[in-house]
Amino acid sequence: MKTLILRTASNYLLPILLLFSIFILLRGHYLPGGGFVGGLIASIAFVLHAFANGLKNTKRLLKFHPGYLMPIGLAVSFLSGILPVLALDEPFMTSLWMHEAIPVLGKLNTALFFDIGVYIVVQGVTLTIIFTISESA
Amino acid sequence: MLIAILTGFAFAVLLLFGGKLVKGKLAILSTFIPLGLFIYFARFIGDVSSKNFIQQDYSWIPSLGVNLSFKLDGLSLLFSLMITGIGTLVFAYTSAYLKGHKYLDRFYGYLSVFMAAMLGLVLSENIISLFVFWELTSISSFFLIGFNNDNPASRKSALTALGITGIGGLLLLAGGVVLGNISGTFNISEMLANHHVIVGHEYYILAACLIFGAAFTKSAQFPFHFWLPGAMKAPTPVSTYLHSATMVKAGVYLLFRLSPVLGGTDFWNTTLTIIGLITMVYSAFHTLFRTDMKGILAYSTISALGILVFLIGLGTHESFLAAAVFIIVHALYKATLFLITGAVDHQAKSRDVTKLAGLRKVMPMVAIAALLAAISNAGIPPSVGFVGKDLIYEGTLHMENSVVLLTALAIITNVLISYAGYVAGIKPFVGKLPQQYENVKKPPFWLWFPPILLGALGFIFGIFPILIQNSLIKPILWSIGLEASEVHLKLWHGFTPILGLSALTIGSGILLYFILKPSQKLESFIAKFDKASPKYIMEKTTWAFGRFSAFWTNVFQNGYLRNYVSTITLFLIILMAFTLLQETTYKIDYSSFSKLTVYEIVILSILILAIGLIVFAKSRLAAVVATGIMGYSICLLFVFYSAPDLAMTQFAIDTLTVILFVLVLYRLPKYLKLSDYKMRIRDGILSLAFGGLITILALEVLAQPVNSEITDFYAKNAYLLAHGKNVVNVILVDFRGADTMVEISVLAISAIGVFGLLKLRLKSVERYQK
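Chains A and B, in that order, give the protein sequences.
The numbering of the first sequence is our numbering, which starts it at 1 and goes up by one.
The numbering of the second sequence is our numbering, which starts it at 1 and goes up by one.
Derived from the structure by calculation, the hints contain no laboratory data.
Incorrect hints may have been included.
Subject to a maximum C-alpha distance of 20 Å in a straight line, what follows is the list of computed SDA-like cross-link-like pairs (lysine to any residue) [as the list claims (entries may be wrong)]: (1) A/59 / B/660; (2) A/56 / B/663; (3) A/59 / B/184; (4) A/56 / B/660; (5) B/716 / A/82; (6) B/759 / A/132; (7) B/725 / A/108; (8) B/725 / A/27; (9) A/56 / B/725; (10) B/759 / A/108; (11) B/725 / A/102; (12) B/759 / A/68.
Examples of chain A residues toward chain B, derived with CB under 8 Å [said to hold, decoys possible]: (13) 4; (14) 32; (15) 47; (16) 121; (17) 129.
Quick reminder that beta carbons are idealized off the backbone N, C-alpha and C, glycines included.
All chains, please: the whole structure from these sequences, using the hints.
Written out as structure tokens, the structure reads:
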């Protein structure tokens, strides 16, 4: 779809949507949101960009194949789960919390990192599937 | 002890990286692994022989009662010494036998995995961890039998062996679970305390049958014996190590170990005695009809395993003693016979006993080893075989019933086994050396030294039986709860009936050797009966099973998505209708329903309109858009019923689905009508029935009293334990985080699947070449 309006808009929408997806991810623990939805929104941002500017440009923007996001995300999630086992000999997936709050992010915890992993995996999965299908269909 | 077991696995992993090192002249160095372990276990002989058994526990999965507990008692010490001792010789032998083989590192890797698994098996106290090691031995055996993987016969034998022993492994797991449920523990020594509970339990027969299944498949008992002759496709060191000395004795070990837990009943003793008898006589007769040295030895090994099962089945003090001694005797002479077979095969390139002769001239040391083994095999004094055979007769003579029958069958088996030993151990070395073998080279040191060492041990233990009596035999009897102070192993008992039986056996064996010559004729004679053999029946069953699954797949996996959907729907309809029509009360409590609002009516009308649009759409794009409308309408319903998380996710998913559809549809050919009216009506009925049933189901669920315990728990603890206010998200990332972990893994796998299916298609050239 080569419309000037969409193309121009998508260039501004991409960062805003990505920011929004991170916002959704972070608020997940207290308000509606979370890694899964966040990841989907981020994917939609890229797909919208691909619609307006063509897949090649989006891929150039990404610099690497979205498939790589999957192992990275899985590793982040798994590490956040295994950390309590390694560090404190607690059962797998025990969530650990920092005592002090950090500005903006609040109290850091392993559950948040787990959710970040989910966020990354979902993006990797969605983009891989959509990119692959649209390239070879 | 855990470290001792893990050494083999660690060595195998190291070979992945440093495999090149052991391929050359350094191959012999790998012998230090089993040798070191042998010395490690030998150090415990003192402790064990003074009834000081060693136990070590490591918790593994305590919540399931599965722990890595290891116990070194008499029985496991004997097996550990056999595994590491014969392992040492086999490792050294391999360095000469497979010298310069391009996959030598792989071979050593499999061997050491096997060694570690076998050690774990005999040391495990916990029946579940025993099962794990049991399966590992089956798997490593599979790789070793199929080591020459460019030979189709090797691959087939490997699959047969894996199939048979794999089924046995599953039976062992099932048996272990049944035993665990009856006795409340997976620990074998704790089961011992519950012996009476187990034997008197209603599931006792089931548990015993499952354990029998495991032991009989592993130890090649009739009618599962046929995988073992097939396994002789493996290189000879493997046949020596796995398929005669150690792994096939795992079944015997299991029966030995569980005898005090499950044994002592008529069912246990009778079954073992009968199966043992059938196996030992049946396969002893089979040795008469073989011409391949390894084939002869394979059947005589099965026969020996039959003797062991038979002795355990007799269940008396004498028979257990005989079994304990016979395990040692058999391991010593049978390993030797296999090793000399390998040496002959390696140098003369033949294993055919009808052709081989006079080899003593070209390989004198191998001939001496073979002679020693054949003597011990035949039970001629002063070998340890004589001691062993005496004890077997003592076992049968001390029975109360059918003494004559049991003793006669034991004699027949022993005669045939000794014949097999002569044919494999003496015949290739005597007589005139045929011209074709005159240029056979002398075998290298490591091909003749291991067999001669084992053969000599058979004589040393025969002349000084006291060496094994106190260190090994007595502790074995202790470890299954028997008294052992009266055990005196002796070569000479004076003139007794047993001596007469021994003389009869030896005499008949020698006579048979001179009368009967192995020939191709005999071999082709027995081949006529192949159609009645368990092997043939099993092969036919497997073939029929393959045909059936091909038929099944063709019918149900026909590649039409619409057929899949209707099959699944139809199945669900039948399943739901069956239960719902029986148990539904059809009472709807209208008072509990909230009032319908204007929003809901609007959304519902949109939904119905969208469905109509999908069904009657004239283009794909319109149908997809209508599906999207449906999805969004459902999102709105979620919003009305305060499930914002669900609505958000559904919204995003629907958007992406529509985009995906559009991407694919864009490229498809023009819209065609593929279904006629009949099909549409059929599908319509199917959908209506499905929808109706789901509605009934939903109403039925609403009519049930709500159990809100779980909901309450999450609602209460989401903030207290997990510091989160969004219960849905807390459940996803914390309470049930492991589920989510698995789910994202599944997602990743499906994405890789899509990528693989679409991207990695063979190029047309490659496909042509295939």
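Going down the list of hints, with the structure as the test:
Restraint check for residue 59 of chain A and residue 660 of chain B: satisfied, since their Cα atoms lie roughly 17 Å apart, inside the 20 Å limit. For the hint linking residue 56 of chain A to residue 663 of chain B, the alpha-carbon distance of about 15 Å falls within 20 Å, and the restraint holds. Between the alpha carbons of residue 59 of chain A and residue 184 of chain B the distance comes to roughly 59 Å, so the proposed pair goes past 20 Å and is violated. Between the alpha carbons of residue 56 of chain A and residue 660 of chain B the distance comes to roughly 17 Å, so the proposed pair stays at or under 20 Å and holds.
The straight-line distance between the Cα atoms of residue 716 of chain B and residue 82 of chain A is roughly 26 Å, outside the 20 Å bound, and the hint therefore fails. Annotation: proposed proximity of residue 759 of chain B to residue 132 of chain A holds, straight-line Cα distance about 7 Å (limit 20 Å). The suggested pairing of residue 725 of chain B with residue 108 of chain A holds, with an alpha-carbon distance near 15 Å, which does not exceed 20 Å. In summary, the hint linking residue 725 of chain B to residue 27 of chain A is supported, as the alpha carbons are separated by about 10 Å, within the 20 Å threshold.
About 42 Å separates the Cα atoms of residue 56 of chain A and residue 725 of chain B, which puts this hinted pair outside 20 Å; it is violated. Our distance criterion of 20 Å between C-alpha atoms is broken by residue 759 of chain B and residue 108 of chain A, whose separation comes to about 40 Å. Proposed proximity of residue 725 of chain B and residue 102 of chain A is supported: the alpha carbons are some 19 Å apart, at most 20 Å. Restraint check for residue 759 of chain B and residue 68 of chain A: the C-alpha separation of about 16 Å stays at or below 20 Å, so the hint holds.
Violation of the interface hint for residue 4 of chain A is found here, the shortest Cβ-Cβ separation to chain B being roughly 21 Å, above the 8 Å cut-off. Hint status for residue 32 of chain A relative to chain B: holds, with the closest Cβ pair at about 4 Å, below 8 Å. At its closest, the beta carbon of residue 47 of chain A sits 6 Å from a beta carbon of chain B; the interface hint therefore holds under the 8 Å criterion. Satisfaction of the interface hint for residue 121 of chain A is found here, the shortest Cβ-Cβ separation to chain B being roughly 4 Å, below the 8 Å cut-off.
Against a cut-off of 8 Å between C-beta atoms, the interface hint on residue 129 of chain A holds, since the closest Cβ of chain B lies about 5 Å away.
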